[in-house]
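Number of protein chains: 2
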Amino acid sequence: MKSEKLILVTNDDSVYAKGIHALVEVAKKYGKVVVVAPDKPQSGMGHAITIHDPLRLKKSALFGDIEAYACSGTPVDCVKLAVYEVLHRRPDLILSGINHGENSSTNVLYSGTMSAAIEGAMEEIPSIGFSLADFHPEADFSASQVYAEKIIASVLNNEMPKGTCLNVNIPKLSLSEIKGLKVCHQAHAYWADRFEKRIDQFGQPYYWLTGEFSDVDHRENTDLHALKNGFVSIVPTHFDLTAFHFMQHYKNLENEN
Amino acid sequence: MKSEKLILVTNDDSVYAKGIHALVEVAKKYGKVVVVAPDKPQSGMGHAITIHDPLRLKKSALFGDIEAYACSGTPVDCVKLAVYEVLHRRPDLILSGINHGENSSTNVLYSGTMSAAIEGAMEEIPSIGFSLADFHPEADFSASQVYAEKIIASVLNNEMPKGTCLNVNIPKLSLSEIKGLKVCHQAHAYWADRFEKRIDQFGQPYYWLTGEFSDVDHRENTDLHALKNGFVSIVPTHFDLTAFHFMQHYKNLENEN
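Chains A and B, in that order, are what the protein sequence lines are. Just so we're aligned: the first sequence equals residues 0 to 256 in numbering that gives the first Met the number 0. Just so we're aligned: the second sequence equals residues 0 to 256 in numbering that gives the first Met the number 0.
To be clear, the hints were calculated from the coordinates, so they are not data collected in a lab. Every value quoted in this text rests on a predicted model; they were computed, and no experiment measured them. Watch out, some of these pointers could steer you wrong.
[Stated by the list, open to error] Below, a list of computed lysine-lysine pairs in the BS3-like style, where the Cα atoms sit at most 25 angstroms apart:
id	chain 1	residue 1	chain 2	residue 2
1	A	Lys196	B	Lys161
2	A	Lys250	B	Lys161
3	B	Lys31	B	Lys149
4	B	Lys227	A	Lys196
5	A	Lys250	B	Lys149
6	B	Lys17	A	Lys250
7	A	Lys250	B	Lys227
8	B	Lys250	A	Lys161
9	A	Lys227	B	Lys250
10	A	Lys39	B	Lys39
11	B	Lys250	A	Lys171
Next up, chain A with everything else stripped away, as it sits in the complex:
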């Protein structure tokens, strides 16, 4: 008999978010679940780690009989603390999410949800980040749960290539409206950022980050294209940022020496 799988669940919306509870419900069908997730919202924290402050880890009763901890750090801190302090071993699977809001395209870089999954990939642990294209705190995760279950089952049955993880985004549609799954590549899109400048009670300016998302990628096989067309997008993701195709471009610099 195969031994029970150990599954770490984390996110960036905190232990209080509806999305992580929806993910734990699915995860517990596949093994022993341990939750280590932020004690407050950590959206937009990217791959940040906490260097200059100590970290706190507190048992949480929010998940009933599931062992759970609220961590004062970032999503990447949660993965590190889970692996090295809570579990003292590499789990068989790391699940991150389900995020309230999509993390397609270049959002993968800003996303705490996906950075937790990428940290898992760096530890050579099969990892999946799930995000629903709905920011609402009471978003309906039922269709996301169906697709999460399908993908988790597949990943547990087929070895995940080492050093990779999956970025899964689910459109804001009912189960019957979703057309299926598409394996995609990351779209090239960016935030045309604007700041809202306000003046405080002392006459000093402050700025709120805002912006509009600008899809500049017209290829058909992107995650954004899949989502717009009613599909769940899956992007196999790794952490090698080398632009291999441009290495030759800089060879003249080498020769200058």
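Chain A is already provided as a structure; the job is to place chain B on it using the hints.
Chain B alone, transformed into the frame defined by chain A:
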């Protein structure tokens, strides 16, 4: 006559770090320099952005007659604020660093210095991150300045491919000891993280992140290999995390629908 270049300089060690002043000294030979950098150390902040708090931007006199601002946010916030609020246009070049400590290998993901450069790449602005393999606050940046100048001159004379930036790491050696420049790819290495667990005055545990860097990449053309052998490493870097070589691996998931 060509118009003067506009050069944004930022970092993650803050406006007070010796490294950014060393970089400004070089940058000002090539155009009009504007500094927008964190008002406190932001090492390890990765690609984090500030969503839940307002940002502050204060004029700084630390750079003499160079226009400079200290920003309350992350290095990526600095780039966004610089482009959209301070300069109101895309600068011709973004320089980040010179970091106190190397950012080779997978450190590119945790590094605020490199995330600022990657944010520049996302804005399609030629961007370079510089890091010296010396954490000391009084590190000697003189050799780094010579190589920074060489690379900046080359980048301004040869178009940088859109959507890319450079990750430059300089070994802790004197100018005469450095063997030259190598164009490399990112090494696969990771932090074998450990936490130092301590108990506070109330009997509660807290954790400090520590760890040892583990180079598991035995290929010859990595940035770590170059640094170990006395070369300055240059990694052309982009922000597409798609693991293209594994897209086929997941095609069976598509077919299940």
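Hint check:
1. A:Lys196 x B:Lys161: Not OK: A:Lys196 and B:Lys161 at ~30 angstroms, beyond 25 angstroms, violated.
2. A:Lys250 x B:Lys161: holds, 17 angstroms
3. B:Lys31 x B:Lys149: holds, 18 angstroms
4. B:Lys227 x A:Lys196: violated, 47 angstroms
5. A:Lys250 x B:Lys149: holds, 14 angstroms
6. B:Lys17 x A:Lys250: Given pair B:Lys17, A:Lys250 is violated - Cα atoms ~30 angstroms apart, limit 25 angstroms.
7. A:Lys250 x B:Lys227: With Cα atoms ~20 angstroms apart, A:Lys250 and B:Lys227 stay inside 25 angstroms; holds.
8. B:Lys250 x A:Lys161: Within the cut-off at roughly 17 angstroms; holds.
9. A:Lys227 x B:Lys250: holds, 20 angstroms
10. A:Lys39 x B:Lys39: holds, 22 angstroms
11. B:Lys250 x A:Lys171: holds, 23 angstroms
Hint compliance for this structure: hints 1, 4 and 6 are broken, all remaining hints hold.
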